[in-house]
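*Asks:* The residues making up each chain are set out below.
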Amino acid sequence: MHEFRMPSLGADMEAGTLVEWMIKPGDEVKRGQAVAVVETQKGAIEVEIWESGTVERLVVEPGTKVPVGELLALLRAAGEPVAPQVEILPPPAPAPVSKVPSPAVPEGRQRISPSARKLAEELGVDITAVQPSEAGGVISRADVERAAQAAQAEKAPAPPQEAVTGDWRRQMRKAIAAAMSRSKREIPHYYLGADINVTRVTNWLAEENTKRSVAERLLPVIPMMKAVALALREAPEMNGFWVDGAFRASEAVHLGMAIAMRGGGLVAPAIHDADRKSLDQLMADLRDLITRVRGGRLRSSEMADPTVTLTNLGEQGVEQVFGVIYPPQVAIVGLGKITGRPRAENGTVVVRKVITATLAADHRVSDGHRGALFLAALGRLLQEPEKLR
Amino acid sequence: MNAATVATMRITYRDALREALREALRRDERVFLMGEDVGRYGGSYAVSKGLLEEFGDARIRDTPLSESAFVGAGIGAALNGMLPIVEVMTCNFSLLALDQIVNNAATIRHMSGGQFSIPLVIRMATGAGRQLAAQHSHSFEGWYAHIPGIRIVTPATLEDARGMLWTALMDPDPVIMFENALLYNLEGELVADAGAVDIDHAAMRRSGSDLTLVTYGGSLGKTLQAADRLAGEGVSAEVIDLRTLRPLDMPTVLGSLAKTHRMVIVDEGWKSGSLAAEIMARTMEEAFFELDAPIARVCSAEVPIPYPKHLEDAAIPQVGTIVDAALRTVSRHA
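Residue numbers (the numbering used here), protein chains in the order written: chain A, 1 to 389; chain B, 1 to 334.
It is possible that some hints are incorrect.
Said to hold, decoys possible - Chain B residues, not near chain A, derived (Cβ > 10 angstroms throughout):
1) 10
2) 63
3) 95
4) 136
5) 225
6) 228
7) 250
8) 261
As the list claims (entries may be wrong) - So the derived label-pair ranges between C-beta atoms look like this:
9) 204/B to 135/A: 30 to 40 angstroms
10) 133/A to 204/B: 24 to 34 angstroms
11) 71/A to 255/B: 52 to 62 angstroms
12) 133/A to 314/B: 31 to 41 angstroms
13) 297/A to 259/B: 32 to 42 angstroms
14) 133/A to 148/B: 40 to 50 angstroms
15) 271/B to 173/A: 25 to 35 angstroms
16) 215/A to 272/B: 40 to 50 angstroms
17) 124/A to 207/B: 29 to 39 angstroms
18) 133/A to 320/B: 51 to 61 angstroms
Stated by the list, open to error - Facing chain A, according to a computed beta carbon distance under 10 angstroms, are these residues of chain B, among others:
19) 262
20) 292
21) 293
22) 294
Hints in this document: simulated from the structure, not taken from any laboratory. Where a beta carbon is used, it is the ideal one built from N, C-alpha and C, also for glycine.
I would like the entire structure built from these sequences, with the hints used as guidance.
*Replies:* Right under this line is the structure:
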């Protein structure tokens, strides 16, 4: 019997709210399949399962907030006999009854007054957890006020219990604050920057794009992503995690792409195996990722897996960015704007397209010399764009 | 008069209007009154009774039964420096003068690039409730409030009947004053030195916390009675008297809504395309997130106002229908 537990979807996640099961008992599930939607400080995330088998039992009801590591569901491996009813481990939890929606609520969309919705946002009340005073009625300001008072009362005796809240923009700001404070507190950053001549790759890309339809064109960041991923293979000390006082290098390169969210905040979900993907595949993956970031639906593996982060602020006109490492990662690569700059070559001044690439890395894991080799490798790879494919 | 007591007088709405006319006629020799039966007959609602004797037939002028002609003459007089007050017997009849009002009075300032102004006041009776049937009972305030270039005022209290006329005359542009005919016999105390009042703002006539009742003109009294009855049911209603329908004082309305989060609009006009609809629309545009319940309207039934008493009563807003709408609005979530 495989136990499916609440995964950690970020370094600072302590608990998540199970919003929706995408499976039901008896369903066959495959490794990698998204099975549940979990609300975290970073929004709603589709959680994948890493075993194949048959769903035996769903242990947690939607709407429940569950700590990381808690049992969510039981899975029967192929060939495993159906468990006898008696053997079922945890008895149906009689726990926080109040959060389970009453069965009297009719199907369809809950009606909520605009003012109640606004008040809930102001008070940090999760509007989806508020019950109308009459079954099937409209949720009003009074209902939200009652819920806020109840949450306050519930919160008082148990201080660390964070109220479940739909206001995740504020929550996200808190999550970023926690991760970045931890980073600056614990990680001794060192910083390097190098100007890289990208004339060839830019020209090559322009020519490539003339052969493509508008929908298939590649963004300038795509060959950069590929080159960063390949350079990381040559500098394994930049790619992996610092866990329990030791560095664990990662074989795979899962490139975390820093993506700004509308209205503030950011996430850096992974593009898996970026070093092994074609440019077209990277383009498709990035487009898909951005769409889902803006729509608030990421997958658990994308949130937890990045082995390194790439931040690209060139489109905003920034020439260089020195990033803050997202723990437990050990490096963040920054790319600025591609600009025409005068360069001395063979005793004459010529104008070249140049980008400033930066590296912020964890001095516990690597030294500046290794970091310099990484940037050098990146520079070299970008001189042979046709090999990036 | 001393500090503790303010001298008041017992007065009717009709008399307050007459006092306002008298004050204006005395105060400025450019002021004159013209309309059907305003002189020898004393006005069809007896508002101008006695003024012909006091001011003479040059300033209190009876006109032929020709609304278009005498409203047009008023516009011409205003253009030439006079301050005319034109009385139209009912707003139903004012439709004959619509061309003069909409195509001339409302437009000439704009079409002359600001060279001409028309400081004209048109008074007209409006509203149902006196069994005068469909050709004398309609409420067209909402229609007129559609038109840029004119101001629409609706005195609903003794103070406003006494005070709005002079302020309207001082407005350089045309003002139409709608007097709900049921109000002429309204009687009450008015301070002895009552005078001109502002015509830019709505007024809160009763303070409350559970819902806002927005109304104007002839429905104000009914709405205040409804608020009394609601208080008996434990519902605290705030009453806003719009006073001026164009331009609308939305900040006052929305300020009240921000307090109560619920709204019922009482408007004797028909519901379709009504002033009540305009207030609803603006509330949606400007204050959607203040609303804790859908806005409700109490308007006239969509029929020509009937003659029989029981049908006429059923066709227009009444205290009972206002109370019912208010209770539905608050109990939706109570």
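*Asks:* Looking only at beta-carbon atoms, does the pair residue 215/A, residue 272/B fall within the given range of 40 to 50 angstroms?
*Replies:* 49 angstroms Cβ-Cβ, so the 40 to 50 angstroms window holds.
*Asks:* Hey, is residue 10/B genuinely clear of chain A, shortest beta carbon separation above 10 angstroms?
*Replies:* holds (44 angstroms)
*Asks:* Could you see if the CB distance from residue 297/A to residue 259/B stays within 32 to 42 angstroms?
*Replies:* holds (39 angstroms)
*Asks:* A cut-off of 10 angstroms on Cβ-Cβ distance, and residue 250/B was said to be off the interface with chain A. Does that hold?
*Replies:* holds (17 angstroms)
*Asks:* Hint says 29 to 39 angstroms; check whether the CB-CB distance for residue 124/A and residue 207/B agrees.
*Replies:* Holds, since residue 124/A and residue 207/B (Cβ atoms, about 31 angstroms apart) stay within the stated range.
*Asks:* Next item in the hint list is residue 262/B. Is there a CB on chain A closer than 10 angstroms to its CB?
*Replies:* For residue 262/B, the interface hint holds, since the closest Cβ of chain A sits about 9 angstroms away, which is under 10 angstroms.
*Asks:* Answer holds if the nearest beta-carbon of chain A is closer than 10 angstroms to that of residue 292/B; otherwise answer violated.
*Replies:* Where the cut-off is 10 angstroms and the nearest Cβ of chain A is about 4 angstroms from residue 292/B, the hint holds.
*Asks:* If you check the beta carbons of residue 204/B and residue 135/A, does the distance land in 30 to 40 angstroms?
*Replies:* Holds - the Cβ-Cβ distance for residue 204/B and residue 135/A, about 37 angstroms, lies within 30 to 40 angstroms.
*Asks:* Is it true that the C-beta distance of residue 71/A to residue 255/B lies inside 52 to 62 angstroms, as the hint says?
*Replies:* Taking Cβ atoms as reference, residue 71/A and residue 255/B lie about 54 angstroms apart, which means the hint holds.
*Asks:* Let's test the interface hint: is any C-beta of chain A closer than 10 angstroms to that of residue 294/B?
*Replies:* holds (9 angstroms)
*Asks:* In terms of Cβ atoms, is chain A entirely out of 10 angstroms range of residue 63/B?
*Replies:* For residue 63/B, whose nearest Cβ neighbour in chain A is about 52 angstroms away, the distance exceeds 10 angstroms, so it holds.
*Asks:* Against the range 24 to 34 angstroms, how does the distance between the Cβ atoms of residue 133/A and residue 204/B compare: consistent or not?
*Replies:* Because 29 angstroms falls inside the window, the suggested range holds.
Consistency with the previously given hints fails for numbers 8, 15, 18, ordered from lowest to highest.
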